[in-house]
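> Residue numbers (this note's numbering), protein chains in the order written: chain H, 3 to 349; chain W, 2 to 561; chain X, 16 to 331.
Treat the hints as calculated values from the structure; they're not laboratory data. All C-beta atoms, glycine included, are put in the ideal place defined by N, C-alpha and C. Don't take each hint at face value.
Just some of the chain X residues that point at chain H, by a computed CB distance under 8 Å [what the hints assert, rightly or not]:
(1) Ala156
(2) Arg171
(3) Val263
(4) Ile307
(5) Met308
(6) Leu312
(7) Phe316
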Amino acid sequence: MGKYIIQRALQAIPLVLIVTVLVFSLMKISGDPLAYLAQDPRVTERDRLVLRAKYGLDDPLVLQFVHWVFGDEGYVRSLDTDQNGEPDTTVVGERRGIIRGDFGDSIRFRKPVTDVIGQFLPNTLLLGTTALTVTIIMALVIGIFAALRQYTLADNIITTGAFITYSMPSFLLALVLVQIFSIQFRRWGLPSLPVSGMYDPRGDNSVDELIRHMILPVLTLSLINIAGWSRYIRSTMLEVISSDYIRTARSKGISERRVIFLHGLKNASLPLVTLIGLNLPFILSGAVITETIFSWPGMGYMYINALEQFDAQLVVAFVLMLAVAVVVFQLLTDVVYAWLDPRIRYD
Amino acid sequence: MVKKLRFITLALFLLALTVGAAGAQDEKVLVIGWEQEPPKLSPWADNTFGTLIYGFTNRDLWDWDVNRDIYPVMAEEVPTLENGLVETLENGNTRVTVKLREGMKWSDGEPVTTADCQFWHEVKMDPAKGAIQRENYPDVVESFEVVDDYTMTITYNKPWPDYTFDSEINCYLPEHVLRPVLEADGTIDNAPFGSGEGVVGYGPYKFDEWVIGSQITLSKNPNWDGEPGKFDKIILRFITDSAQMLNAMEAGEIDVAFNWADDLVDSYSAIDGVEVFKTDGVYGDAIWMNVGNFKGTGEPHPMLGDPKVREAIIRAIDRISLAEDLVGEGVTVPKSWTPEAFWAPDLPYWDYDPELANQLLDEAGWVDSNDNGVRDKDGQELVLRFFTTTRQIRMDYQVVIQEYLNEVGVGTQLLPVPSNILFASFNDRGILDTGDFDLALFALSSNPLSPAFSAPDWFGCGNTPSAEKPTGKNGWGSCSEEFDRLDLEVSSTVDPEKRLELAHQAQKAFFDMGFWHGLYLRPTWYAINSTVVNVDEAVKSPGTLSANYFNNIEFWQPAQ
Amino acid sequence: MATATQTRTGVVALQEERRQPQSMTRIVVRRFFKHRMAVIGVFLLALVVLYVTVGAAFYSEAYANKTNVRDKFEPPGAEYPFGTDSVGRDVLSRTIYGGQISLAIGVTAMLISISVGTLIGLVAGYFGGVVDALLMRLVEAILTIPLLILLLLLSRALMEISSSTTVVLGREISVTVVVIVVIIGLTAWTSLARIVRSMVLSLKEQEFVVAARAMGAGSSRIIFGHILPNCIAPILVAATLEVGVAIVVESALSFLGFGVMPPTATWGNILNGARQSIDDLWWLWVAPGALIMMTVLAINFIGDGLRDAFDPRSIR
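With the hints as extra help, turn the sequences into a complete structure.
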């Protein structure tokens, strides 16, 4: 087991490295992070040059990558800001490199990338885990129900409903939900739900305010996913129910409900754990569309803004962080899987 | 089944919470929808929505009303030649003396003195100390002297007529807060001030809290000696999505939405209790033609280099109808780069005249010889690559302009791209900087107070970006020695009448270069909930001179 | 995970098919058409295809692109059955021509991803060893980044080179269409590659493959002549579903402003035009939204029907 974990961890290193190089180069070919200064007559070329030097934007690409990974402390850049052929300003590097935990400064926020991510991450975790929990509970209820009543009218209705939400682009679903629960409900004089943010602007940042703001985004995220998950649970349950030992258990006179919940669910839980384990790290990425629509200050919202405003450092650090998280969680899932199922042995 | 019951209970509980939402408030709170969260808070911020916040928390030495009349705020009086506070030295250069009002206090109670203004000067002069927007300040300011706590002088190294708004004295930065940071870090770039901690200002409201990704809270500044703010709290709520902004307004989550697109006038007007109005814009979208930097070579453009082709293209577009239909009634189609107040009375303008356009193109030798609907000459089709940014109104304009040009046999490829690709620097292969375009639709802002073009980087000869001079900004390759000479004179002529005369000549020289043609000045739209704010004249006449939308926020009154 | 069951049942189904190919195909077709939802799916999809093809006979492309700014934002009425957009173009005809692009994006992206996924799965599974290890690391590298995050990044990175137009089948379209097709195609093949690989792993030990190898058949002959035909079931299912995924992904990218650039219309970017006021401009999202949903729903029904038809245990 220990050997297996070490082996997997070693395999992960080149993986993370490939992702790093890839994302870094993609970001570098996609334009100028300081282009927004071009429209501003108050910014002189000299200031632009100094700023570019500070972020090392005019260094050769390979050097930029090396600096990003290992730091550029003490690296001196000479600038000829007045264009007379004589260097007149020097900018000395101060970054320590990702290897020493310095992911650089976000160009737009002008503060360490890790600080920026730290500010958005908790909100995403809150939304993501709540949505995942709701999804799993609802999917279990629906999936088991549908499995027990295979090919009945109820099953067909549930299946069709699952297909419809599953086929709906999430932004459309979010917009329709807002339209119904925030706008129309208010027009009809019913209690309506807030459309954006985490708290009421004039509120007291209380928990019930937070819950009210979470309902629509959680609903959007869950509705989209419940479909797939419940279909999956339905088919797993069907497989388990038709298996020999359940038939045996049933024949021994154990009550139907007991059979389903104790034996069926227990056996169906193994692949479910894997599914949850593999999905958890993706919570970190935030729900780009849902967070954007509901102005939920999470990672997805941050990512879109970083891409739009072209905050290369932030984008690269974020994607790298995601890749590492996915690799770690895959490893953890394998370990939990082995622990749950003693038949599995890793060498 | 137990689980199901539990779920239903939970759902009912959540629904119950929604009912008890509206709580009573004694405080007067104003919530303003803010479409962009500023990356950082600083008076030298590079983000419009960042500098806008200063309309609440800070005031300048003087300000302008909607009629462009200047009035003193922090200064005792506005320096002029008449009151003797502006002097022309023996060498012709300008010296300005400013007296601060006594008794002004920062929001933390410390007095505002000339030491604060000097601190600003110090940071502006030295790039190492921070402040990316030093403009031409270090180039034109000779010296700055503190006479006493309330008197100071600034001396320019040339005649400097724009001393009130260009490289002017400023007292934004509280020295007592930032001096220790500067001494510790060598720069104020990383001051906690920037991320909203310990922010100190001189304005009707003071900065309380910044919840990243959510909102900024401001409260009434007890140390402000001007007209007191009427609201106890002002909240700037970040909502980036325009549909959500509208929804938030409809749901009563915000009281003010501003700077939204013209298409939404009907939607905002339809909301109960919401009043909608607009103020004249300062940002003007225009068609820019690549005249002298064909594919980045610095050579004249084979099609647009010909003045007849340029005129034909503009004559083929009905700019006035376009502005009316796509932007709104009464929208100005700018005839020149500088503000309307300074226009020459006989400023030339190319009216819509498709007949003339066809005739001009024929004369220029572009005829449709292969009968494919597009004119050609020497085997080359008259097809232009037309860029713009992904802003909806610009993409709409682009589509309609394509049709107008089709009518006269000019083909176009429409290419909307993200703004940071269009405006990227030469080294980053920016489309404008590398001359990789034929037509482009975008706005660069002119100074709303000055008759001078004051942008030699953008328009002057010898500023076309190239490998040798990557910092040039004139990607369209315009060049007129006469224009360069006149504009230089305008920017250094102190006598207002003579200056205006020169400015009129400069405008004509600018027109003759023929690469810039205004489409519309984008008005600023406001939607205000009249049950929260008393929407009176004070509210309807904000200072829009340089998009400082909230410079009269202290006069905004809560509705009865 | 669903893929694991799919793989197993697929193998079973196809071993049978090997023995009695004629009757098996017939069984699959018969089962497919007995699947109620699959039939509804085929019907819905046929409707959509008719809409974008026959519709084009009624409205010319020039009409779809014709602006009429005085009629902007007209709600649905006699002249404009689906209303008009921000420059007064007819939404009905734009959903026809936009639909052609959307469907074309779905199909071509699917062709790319299915070819890449199948090829990589075959090669990795058949050759094993270092080749397999490298290819599977590549699959993992792609899977470490969530699809939408990766696509947004790719689309953003390629926007500079895609700022131009190209002529395809006589229509001038934005190069972003090509870019979107390629990036979706090149990122969405990973799960199919894994399925095919695992099938190959079990197939290559089967008697008929071992026999063919013993008779001196070359690798490519064994892969394409013996193994590939036995992987058709999961490939067909994946191919169907992939079209739907590509259409949804394109609309999501367009919605976020990172998709196909105007003036080339797709369902996704027509819908994007309604973003600023979904309430007042409902006709801008209802028509393209319904078309996207109908198409994807139909495709998912068909995919499900195919899966069940290939699965011998789901006989009712």
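> Each of the hints needs a verdict: does it hold here or not?
Here's how the hints hold up against the structure:
For alanine 156(X), the shortest C-beta to C-beta distance to chain H is roughly 5 Å, which falls under 8 Å, so the interface hint holds. A distance limit of 8 Å between C-beta atoms decides the matter here; for arginine 171(X) the minimum to chain H is near 5 Å, and the interface restraint holds. Hint on valine 263(X) holds. Least Cβ distance to chain H is approximately 5 Å, under the 8 Å limit. Of the supplied interface hints, the one on isoleucine 307(X) holds, with its beta-carbon coming within about 6 Å of a beta-carbon of chain H, less than 8 Å.
Hint on methionine 308(X) holds. Least Cβ distance to chain H is approximately 5 Å, under the 8 Å limit. A cut of 8 Å between beta carbons decides the hint on leucine 312(X): the least distance to chain H is about 4 Å, and the hint holds. Interface hint status for phenylalanine 316(X): upheld, as the beta-carbon distance to the closest one in chain H is roughly 7 Å, under 8 Å.
Every hint, counting from the list given before, is met by this structure.
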